[in-house]
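Visitor: This is what each chain is made of:
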Amino acid sequence: MPEALIYELSSPGRYAVAFPESDVPHAAPPDGLERDDLPLPELSELDLVRHFVRLSQYNHSIDTGFYPLGSCTMKYNPKINEDIARMPGFAFAHPLQGEKISQGILAIMYELQEWLKEIGGFAGISLQPAAGAHGELTGLLIIRNYHRDRGDHTRTKMLIPDSAHGTNPASTTMAGLELIELPSDARGNIDLEKLREVCDDSLAGLMLTNPNTLGLFEEHVQEVVRVVHECGGLMYGDGANMNPLLGIVRPGDLGFDVMHFNLHKTFSTPHGGGGPGSGPVGVAQGLVDFLPAPIVDIVEPGDEGTAPTFGLVKPLKSIGRMKSFHGHFGMHVRAYTYMRMQGKAGIRAIADHAVLNANYLRVRLRDAYEIPFDRVCMHEFVMEGMWPDAPDIHALDISKRIMDFGFHPPTNYFPLIVKEALMIEPTETESKETLDAFVEAMLKIADEAHTSPETLRSAPHSTPFGRMDEVKAARELVLCCRPAYIPKA
Amino acid sequence: MAYIPHTEKDRQEMLDVIGVERIEDLYDAIPEDVRFPDLDLPPALSEMEILEELQRYAETNVNTKHFHYFLGAGAYNHFIPSVVNHMLLRSEFHTAYTPYQPEISQGTLQVIFEYQSLIANLTGMDVSNASHYDGATALAEAVILALHEHRFKRKKIILSPGINPQFREVVRTYMQGLDLEISGDEDLENGQDNLRSMIDGDTTLVAVQYPDFFGHIYDFSNFAEAVHAAGALFCVVVNPLALGYLKPPSEFGADVVVGEGQPLGIPLSFGGPYLGIFATLDRYVRKMAGRLVGETEDSRGQRGYVLTLTPREQHIRRQRATSNICTNQGLIALASTVYMSAMGKQGLRQVAELCYQKAHYAANEIDSLGGYRLWNNDPFFNEFVISCPHPVAEINDFLLDREIVGGFDLGRTYEKLEHHMLLAVTELNSKDQIDALVSALKEFDHA
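Protein sequences, first through last, are from chains A and B.
If you're matching positions, the first sequence starts at 1 in our numbering and goes up one per residue.
If you're matching positions, the second sequence starts at 1001 in our numbering and goes up one per residue.
Note that these hints are calculated values from the structure, not bench results.
One should not assume that every hint holds.
In silico SDA-like links for lysine to any residue, alpha-carbon gap of 25 Å or less [stated by the list, open to error]:
id : chain 1 : residue 1 : chain 2 : residue 2
1  : A       : 432       : A       : 156
2  : A       : 472       : B       : 1303
3  : B       : 1156      : A       : 388
4  : A       : 344       : B       : 1051
Just a sample of chain A residues kept apart from chain B, beta carbon distances all over 12 Å, derived [unchecked claim]:
id : residue
5  : 123
6  : 193
7  : 198
8  : 231
9  : 289
10 : 297
11 : 304
12 : 327
13 : 352
14 : 441
Note that the structure is predicted; figures quoted are calculated from it, not measured.
Beta carbons are placed, not taken as given, at the ideal position from N, Cα and C, and that holds for glycine.
The shape of chain B in the complex, shown without the other chains:
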């Protein structure tokens, strides 16, 4: 029995103290007719065996260590310095729980405070919480914040079609019981002008993405003014890594910034666990969901940190809480804190610029092939859309044979974008890899 330390002697002594004969006697409260089911589970494996078995499972999956990836669409293949994983493996971090007892949790608490500081500084916002599950759920929480701000009197949410489709789906799932109108994303062509015309006095929140799902980057300054003129909140969904190079959304007048934190040192891990970034302005802090760490002093006059503003939370306010969220993504927030600290002022800028440079090189090379065309000429960060001469699935199969994982097939999500591929390029894609992609695309078109 793995990880159970009891000897026969221990068990006997303990049963004697309790005053029962057998462990089974402790289950009298459980209805007899359903007690002790005969479970159909496999027999135990030793550590040696499980390692071998799962090694075999692992090897059947294509991964970024062996193939060249040009796939993003919300999760990105970035370099993660070794120091990140080594800090994660500190037992004191990963085997602790929520820091309810600050005297013996200053490690976790100070890390969260530093995480909040780094995210606030990166996004340009006043304050960040201790994180949400992922970018999609962080966007849903932004909607909830806006609903609270307008005391649930405003019922309309406007989402740009440039927001990650999965994020938009999650917002709709979360909000289905609350009788709201969610619109804006029904037409792919809804740019800033169309969205602006939809904003009215019933609008509680307007959300856009930067860079958007297609990689585009736009200035939202005027748009934000229109949102504010209607008394609504302006939310910007970001790729935090792009902010190493791009103007922070605070300069556009964002009220809430959310985003998928995965690019900040988190392994792809087939989609999770990732990190939901949530930052806002001081004036909304009491309506913000999630854990929050604040600075204080201990009884000996030392600087220290505690969970603060807890009256917003479910364990105090129960059904009147700002959200049902209980934990945050503690360990993942730690990973991103170590990552941002290790990259620092120069490193994060360098990585973001490398992504930008390489993506532009790749886009130009592919566009000049002839058969493949850049979808439009709008500015982009590290992802771009290519209209293809063949079905994307066929192109991707061809690439896969050459150990290349191609871009996201946009036709799967957007009817109008059949034969369009969304390609992502990061600092890990060398010029040679990009050239290999370009020549494979050329070869397929001429085959």
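This is chain A alone, in the form it adopts within the complex:
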């Protein structure tokens, strides 16, 4: 049953929070600028707690069930991260209070930068970007500035494979660069011949997600890098799929010049229902001076007895500031906690078990579902959510039906190069029992698709809500609830 809206629960005169009376002499209100009415709801604390708790119960979440949403790396979010981020010395420090009284915070940011450099094989890191897409824009602006700094004003073309996440082309446009799409070959790799054709002195760089969105490691990655570098372009790595590379290969060693990490995917910070994320950007030696300001550095070296002094510095040719203050420190400290608890051995184990889990699912599902690029995958794989002998069934129907078994559906209809795509990423934190239960459900659904397709077409059956009318939402466009007593302007 739907939950009432917060405004519908409002009753004039109720309140949840009271404040003390003013303890200072009264000041005259601002002339002509005082507000007449404040149309906010009025509820008791219990009413609003019940409201939000009930709403929470309508969500599927990692903590309530398996969440194999491809490309999103829905791994377990450790509880200790939350406790540490809430320590007063972290949660209640002001971003402008000064470096000298924030040394513990800066030390964490510095060490996180160092670890990300080490894991990615980069020479410099900025923790400023707020999310993956924000990191992409940052990295592309770095590439643009690098070329312009060398007087190379004609390099405006970014090559992007057709399997790329939609943020890649959108970020390219925002950075003032021009997009050239590259096709994939039969094994899901970049088409090398086509690449050689389009590489010339107008090339700014190539944006590559590796492993790509099919979950496949680009087999000719070193050749791709060589071709791009030879014609003067830079390699941008979309680090969305970094999880299976931890301790396995460093993108910097493969020749990537710029890459963003997703702390909310690879390093366990919670996805929060869609943010806040954190998208640190790593760069190779020649690009360090272009990083967005500020970054954390040692401003006074320590010695055996004393710790170094950390400060916020602006790189020499910085592209500028990408957001207020210093990035999502609250996410940095969570990622730091996670990495420190994994240590060197644990970091590698993450990749190993993410890859093991994905391949296990791939092999167990390959007979029932068509996997168009069927080779050993990394952390995820993509299969078709359709069968020639079950013409009425689409990926969407499979996705809706899997909800009835208590699982979140895979990512569907992405990447665009697979028909009716279902993209499955189990992550390393799932047990074999969970994977087996998921396989059983998926096999049953494949069977139902042929024997009782209507069961899929009308799914989900056991969720509190049925399929939503998205056309009605877009046509009627109700985006806001006004309190009944406020006439809409």
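Here the structure of chain A is known, so what remains is to put chain B in place on it, guided by the hints.
Guide: Chain B alone, transformed into the frame defined by chain A:
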């Protein structure tokens, strides 16, 4: 290995199914010369150890629980009711992702719809999106909206010097590839009259801040008319908490309202994650970036919510999208939704008024000390500028010894404002704290 459930037996059974001997065999596609680097990382710590170590790191940072803060400049120390954190810690909210599957995401979707409603009502605008990264990036997105509205034919953006300097910096970073003219803020003295004279037919957007970076509050009604007469969009950067007491910018004719949502129940957290507020008029909704939730019905006739107008977004339109933004600040938007609901009609007004009252008391007391002077007599909300008899850094060091974090040193950002301090006062500053600040300032001047 923390958080990995596999036993040796599991691993073996799974490898057998896959048909390889060892996990290493799954990495054949990776070039051998760079495979399995020997990483220089510290060994693992247990939960017990990390807790102790990070407790030590945490304790080295001064924070609002132990010191008295009069520092704002874009991030504010407000009271956050307990209920906010408890709702954030609901696993179902914080371990879910973007609500792509509405049947099992109604919690997140309805919360975003309520967030949109609360922000629209607070700002007086028609519609709010599901949020941006922070106030600065929301302002950059407002510029992008205006560029789209004028089909990139107008190239001039006018920014008031009263806009948070970091916001202005971010706009310039975002726009550097787009061949635009960004002006207005080169001179601190550029008030409404000067800015008005710069507006022309090439101007796509004019932005001001309310209260501005120095705390001032001005009526922009006539100014907005001039902006509109030139066919440009008028954007107002707000402190949303101030709107609990002050006229909403819709009454000045704002086309876009953006702002830093941090004052709405978000901990300072050394600068993030915060919340980018973005609200606008119905006529611009299709050009607005960011996620948007709309009301609809499910197959059983129940009211429900979905992500809507997605064709504006990057995953559909790719390079022709309104923006590259993918997620919003979901959990932070939830925090502000719970905060606004808990404060409600009376509470938010009360808090905003307390900030106003206390700031005016503090400003009067400091101004009457003699050595310190209020910069000007313009009306202000909860921040004000004091010209000081000594370098601000020295004053702040002196205050720090008395467990007071003083104001923002404006000389660091504005050449003309050397020896000027921007002080912020909130409901959390008691009269005793203010009096302690005032007497410390007096003591330093006479020392």
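Visitor: Hints broken by the structure, by number, lowest first?
Guide: 1, 3, 12, 13
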